[in-house]
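J.: Residues 878 to 1365 (the numbering used here) make up the sequence shown, in order.
In short, the hints are calculated from the structure, not lab data. Among the hints, erroneous ones may be present.
[As the list claims (entries may be wrong)] With a Cα cut of at most 25 Å, we get these calculated DSS-like pairs of lysine-lysine:
#, residue 1, residue 2
1, K1015, K1027
2, K1006, K1027
3, K1215, K1230
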Amino acid sequence: MSNAADTKPQSFARELDVPVAMIIDGARIVTETTFPVTDPATGQPFAASPVADEALVEQAIAAARTAFAPWAAVPIEERAAALERVADAIEARKPDIAELLSREQGKPAHSAALGEVGGAVAWTRATAKLRPPVEVLKDDETGRVEVRRKPLGVVASITPWNYPVLIAIWHIVPAILGGNTVVLKPSSGTPLSTLLMVEIMAKHLPAGVLNSVAGSGGLGAQLAAHPGIDKVVFTGSTPVGRDIMERGAANLKRLTLELGGNDAAIVLPDADIEATATKVFVKAFGNSGQTCAAIKRLYVHDSIYDALAERLAEMARAAVMGPGCDPASQFGPVQNAKQLAYLKGLAQDALEKGGRFLSGGLPEEGQQGYFFPLTVVVDVADGMAIVDDEQFGPILPVIRYHDVEEAVRLANANELGLGGSVWSSDTVEAARLAGLLECGSAWVNDHSTISPDVPFGGAKQSGIGSEFGLHGLDEYMQLQTLRLPPAA
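All chains should be built: construct the whole structure from the sequences, respecting the hints.
T.: Shown next, in the form of structure tokens:
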């Protein structure tokens, strides 16, 4: 299949043998009331998800509260060993989770979906090796001062639809390692793979340590406001993050918010065009552009603008887009109809304001599924919606610049600040410029690369707090200063 999705999707080999369930206090919960889950490759429902009402959410929170004290008392080495068993269990079911993930999210099953589940396994194992330190600030004749870490309590995890399996792991594993218990609400767009993974995980944990509830955004609001929740970790849009902050303010909940990004990449005139295009293409269009820290604004020096933009367009035109079940597919559809309509609006606005598509463009009317072709847009500038607003899809605006200081100014002229990068053969100068970017993570000749031992978080309105590594683990723990008298 070409970049334009123009053939009927193939079928997945297996259907769900057992209905996916929520987990509350160790028990499978399958409800008579359900909501449909759509296959974005067809635009049609293919399965149903259980749905929690307010009473079930209350049960989940109560179960987590009851389980908290005993779990917090378990030595961290035993908690880590449990997480190692969890990783083994996820790995054993990797094909099942990946197929379900591909079906509801759209990403290719054989590559991206399997890669996401494999990443979840690796991330679990790496995080399980972390140990919160006891810091000794002073130890002399006047006494000893230590800083220790204690579990927070019950954590509410609210996960998105772009990486529903991996991001759930980012939330759950450090929380549980730190001695907390969890109530997770997956995105209503992609609930099934997350619910299946939670069910697999919960079998290797005491009842109540890990619970799941599925439903609309109203459940997330209930969790954010509930006095029985001590912390909320949320990955998603900035407007929803603001709402969670407001609801959690009543009892000063701890928050970790990883929100929107409109990441800028600045390409200097001495950059290698082929090498830069190859990496930028992946970092902009991976997961069909549905990544918070994807490259979403590409500022290119005038001297190499045309050559780099055309090379990116060549790669986009050669890409294979299709349903996740097709082994030939390199890129899948946009996950939902609302996002597809939003992307169409951005593209139409860019056209009306003088933008040109070197690849892709508006999808054909009446097509099956939520496919939007990989689109490279030139002759665009700041002040246009396609540049100023996060696309969260396979559209890359390429903006021409003449002065690098002006490019840095434009890169920073956005309310979001998740990531940014500078591309050059002079890594010293690139590092200097990267240090000027107003973002939580910056890269040189790379973008969006993350690892479980390196903190990641946003600046400005891209979020609060950090994830990953010891910095991320600290987000799930309460610091306690302990002052001791001098040793006898």
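J.: Does each hint hold? Answer for all of them.
T.: Here's how the hints hold up against the structure:
1. K1015 - K1027: Holds, at roughly 20 Å.
2. K1006 - K1027: Satisfied, since the Cα-Cα distance of roughly 17 Å is no more than 25 Å.
3. K1215 - K1230: Holds. K1215 to K1230 sits at ~23 Å (cutoff 25 Å).
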